[in-house]
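Can you build the whole structure from these sequences, using the hints too?
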Amino acid sequence: MNPKIRTRTVIATAAAVAAVGTFTAGVGVAQAGDEQSRRGKVTEREIAGLFDQWNAALQTGDPEKVADRYAPDAVLLPTASPKIRTNHAEIADYFEHFLQKKPRGEKIRSVINILDANSAVDAGLYRFHLTDPATGATKAVEARYTYEYEKRGGKWLIVNHHSSVLPAEG
Numbered sequence: 001m002n003p004k005i006r007t008r009t010v011i012a013t014a015a016a017v018a019a020v021g022t023f024t025a026g027v028g029v030a031q032a033g034d035e036q037s038r039r040g041k042v043t044e045r046e047i048a049g050l051f052d053q054w055n056a057a058l059q060t061g062d063p064e065k066v067a068d069r070y071a072p073d074a075v076l077l078p079t080a081s082p083k084i085r086t087n088h089a090e091i092a093d094y095f096e097h098f099l100q101k102k103p104r105g106e107k108i109r110s111v112i113n114i115l116d117a118n119s120a121v122d123a124g125l126y127r128f129h130l131t132d133p134a135t136g137a138t139k140a141v142e143a144r145y146t147y148e149y150e151k152r153g154g155k156w157l158i159v160n161h162h163s164s165v166l167p168a169e170g
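Going by this note's numbering, 11 is the number at position 11 of the sequence shown; the sequence numbering is gapless.
If you are wondering where the hints come from, they were derived from the structure by calculation, not from laboratory data.
This one's a predicted model, so the numbers in the text were calculated from it and none came from an experiment.
Some hints could be false.
Claimed, not checked - Capping the alpha-carbon separation at 30 angstroms, the derived lysine-lysine pairs in DSSO-like fashion look like this:
1. K41 / K102
2. K65 / K155
3. K65 / K102
4. K41 / K65
Take a look at the structure:
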């Protein structure tokens with residue numbers, strides 16, 4: 001065999017073996033990573049359930065139970081107050097007043113983005129049924145919302161919550 005052809009054959013064979021080895025190793029690493037992320041990955045259903053837990057805390061009528069759903073350094077931009085709430089006491093204070101209206105929330109539309117195993121965002125539209133404490137009359141208020149969640153110490157907490165009345169179509 002011609003020495004040039006033999007050298008080319010050896011180089012081509014070595015390159016092919018290296019490529020197959022690299023591909024096989026890459027697939028193995030990718031599969032191991034996928035398995036790890038599947039085991040530790042949060043689901044959209046789990047994040048959606050966090051709203052239900054928050055709403056259940058509202059139903060207790062206890063502002064502390066609601067405020068406990070928030071991280072100590074959370075930020076709350078509430079629907080019914082112009083004040084930004086940035087600590088547990090301020091968040092509990094907001095809910096002390098808001099809970100007098102016996103709010104009951106329901107999601108209209110939700111878009112959930114899982115950021116990683118310990119953080120997610122749930123944004124969308126919800127409707128609150130509020131009762132006037134003086135008259136007992138109930139009205140529905142639709143609002144936009146964003147909840148940013150972080151898993152801290154094994155517990156999902158709200159780190160950022162924005163809610164604003166849904167504007168009229170323009």
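How the hints compare with the structure:
1. K41 / K102: 35 angstroms, violated
2. K65 / K155: Holds, at about 15 angstroms.
3. K65 / K102: Since the Cα atoms of K65 and K102 sit roughly 14 angstroms apart, the hinted pair holds (cutoff 30 angstroms).
4. K41 / K65: Holds - the C-alpha atoms of K65 and K41 are around 27 angstroms apart, at most 30 angstroms.
Taken one by one, the earlier hints fail for this structure only at number 1.
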